[in-house]
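Taken in sequence, the protein lines are chains A and B. Using our numbering, read the first sequence as starting at 1 and increasing by one per residue. Using our numbering, read the second sequence as starting at 1 and increasing by one per residue.
Treat the hints with care, as some may be off.
To be verified - DSS-like mimics (lysine-lysine), calculated; alpha carbons at most 30 angstroms apart, straight line:
(1) B:74 x A:231
(2) A:267 x B:17
(3) A:267 x A:159
(4) A:223 x B:56
(5) A:20 x A:267
(6) B:17 x A:159
(7) A:159 x B:56
(8) B:17 x A:59
(9) A:223 x A:248
(10) A:248 x B:56
(11) B:74 x A:223
(12) B:17 x B:74
(13) B:17 x A:223
(14) A:159 x A:20
(15) A:267 x A:248
What the hints assert, rightly or not - So, partial list: chain B residues that the calculated Cβ filter (under 7 angstroms) puts toward chain A:
(16) 50
(17) 51
(18) 75
(19) 84
The set of hints was computed from the structure by calculation and includes no laboratory data. As the structure is a computational prediction, the values presented were derived from the model and not from experiment. A virtual CB, placed ideally from N, CA and C, is assigned to each residue, including glycine.
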Amino acid sequence: MRYIEPHGHMVSRTTDDYEKMVLAGCAAVCEPAFWAGFDRSGVEGFYDYFCQLTDYEPKRAARFGLPHYCWLCINPKESEDVLLAAGVLEIIPQFMDRPNVLGIGEIGLNKNTRNEIQILERHIDLAARHDQLILVHTPHLEDKFKGTRLILDALQADKRINPGRVIIDHCEEHTIEMVLDAGFWAGITLYPESKTTPARAVDMYELYGQQNIWLNSACDWGKSDPLAVPKTALEMRRRGHSTETIDKLIFQNPARFMSQNPRFQLK
Amino acid sequence: MTRQEVLDLYFMDARSKLIDLAAFLDRIERATGEADFRFEAFKRALDLLSAENASKARGVLMSLSDPTIEPIAKAPGKGACGAWPGASVH
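Sequences are here, hints too, so could you generate the full structure?
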């Protein structure tokens with residue numbers, strides 16, 4: 001079995017996790033910028049974080065022969081502070097040419113505030129001006145449905161954005177249809193408690209088409225499982241899905257989306 | 001898959017979760033003090049489980065969601081609690 005982990009916060013994981021992922025068949029890992037679990041005190045903290053994502057972390061993954069890619073942004077959990085966010089937006093372009101950068105993400109909304117929307121729109125503009133792929137985080141729990149609608153509105157309001165170059169992540173049963181119907185890619189995130197279980201993820205895959213969907217673990221510093229994607233492949237196998245169907249969902253689909261950036265190469 | 005195959009694969013897992021759910025409700029009944037809006041939201045969602053349709057997961061998620069469309073002025077914090085407080089006052 002081979003798979004791609006298209007959304008893993010590896011800075012929060014141990015080196016042992018890299019080894020386990022590679023042993024399970026991971027062929028590449030992609031790391032969106034996210035909230036560290038605490039608010040950074042200034043733009044300099046993001047500068048260091050972007051250096052970590054574009055320099056140190058690829059080297060750590062390379063020790064296991066694993067290609068590491070990343071996405072850059074200020075996460076919506078910190079974009080309520082518009083002054084901080086504006087400062088971070090200013091430094092992002094100086095990292096865009098680094099060889100493992102795939103695009104802008106994970107941008108989006110957290111509590112669906114006006115400030116968050118303002119910073120989301122500025123990220124969308126940044127991506128459009130630099131012709132970047134976009135990875136979108138949708139809010140948690142009770143805020144997800146509303147946030148997904150607001151995010152779709154913001155993306156569709158910018159006519160420069162091609163939905164086929166945007167993945168909207170953390171979709172669940174009440175949001176996946178609107179995302180796919182609007183022409184965007186849909187990500188399904190596998191978490192032990194929130195988001196979806198492997199069984200629900202396979203349900204959605206069976207219900208909502210087999211084209212523009214990917215699975216990810218979004219493993220980070222919280223309760224999460226870096227092997228959630230291969231475990232979902234086992235779930236598909238239990239239901240009788242073919243090896244080709246499984247490969248398409250967990251390897252070919254994420255490869256197809258991310259290959260829109262020519263930097264994405266599988267060894 | 002046939003219904004028989006679904007039962008063969010998932011019945012024991014669903015049975016276990018069903019008993020966990022019942023035990024959670026018992027725990028609340030035994031506990032003292034007032035419950036907050038989350039319990040009311042939970043009970044409303046439970047009512048949806050007996051519907052004869054194949055979109056119960058979506059229905060439960062929607063019943064726990066904020067259905068409004070206007071952005072809010074300021075974030076009350078960073079976290080989410082799993083149920084929309086506004087449902088209890090609408």
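Consistency of the hints with the structure:
no.: 1; hint: B:74 x A:231; result: violated, 39 angstroms
no.: 2; hint: A:267 x B:17; result: violated, 43 angstroms
no.: 3; hint: A:267 x A:159; result: violated, 35 angstroms
no.: 4; hint: A:223 x B:56; result: holds, 26 angstroms
no.: 5; hint: A:20 x A:267; result: holds, 19 angstroms
no.: 6; hint: B:17 x A:159; result: violated, 46 angstroms
no.: 7; hint: A:159 x B:56; result: violated, 36 angstroms
no.: 8; hint: B:17 x A:59; result: violated, 42 angstroms
no.: 9; hint: A:223 x A:248; result: holds, 27 angstroms
no.: 10; hint: A:248 x B:56; result: holds, 28 angstroms
no.: 11; hint: B:74 x A:223; result: holds, 28 angstroms
no.: 12; hint: B:17 x B:74; result: violated, 37 angstroms
no.: 13; hint: B:17 x A:223; result: holds, 19 angstroms
no.: 14; hint: A:159 x A:20; result: violated, 42 angstroms
no.: 15; hint: A:267 x A:248; result: holds, 18 angstroms
no.: 16; hint: 50; result: violated, 18 angstroms
no.: 17; hint: 51; result: violated, 14 angstroms
no.: 18; hint: 75; result: holds, 4 angstroms
no.: 19; hint: 84; result: holds, 4 angstroms
In this structure, the hints that do not hold are numbers 1, 2, 3, 6, 7, 8, 12, 14, 16 and 17, in rising order.
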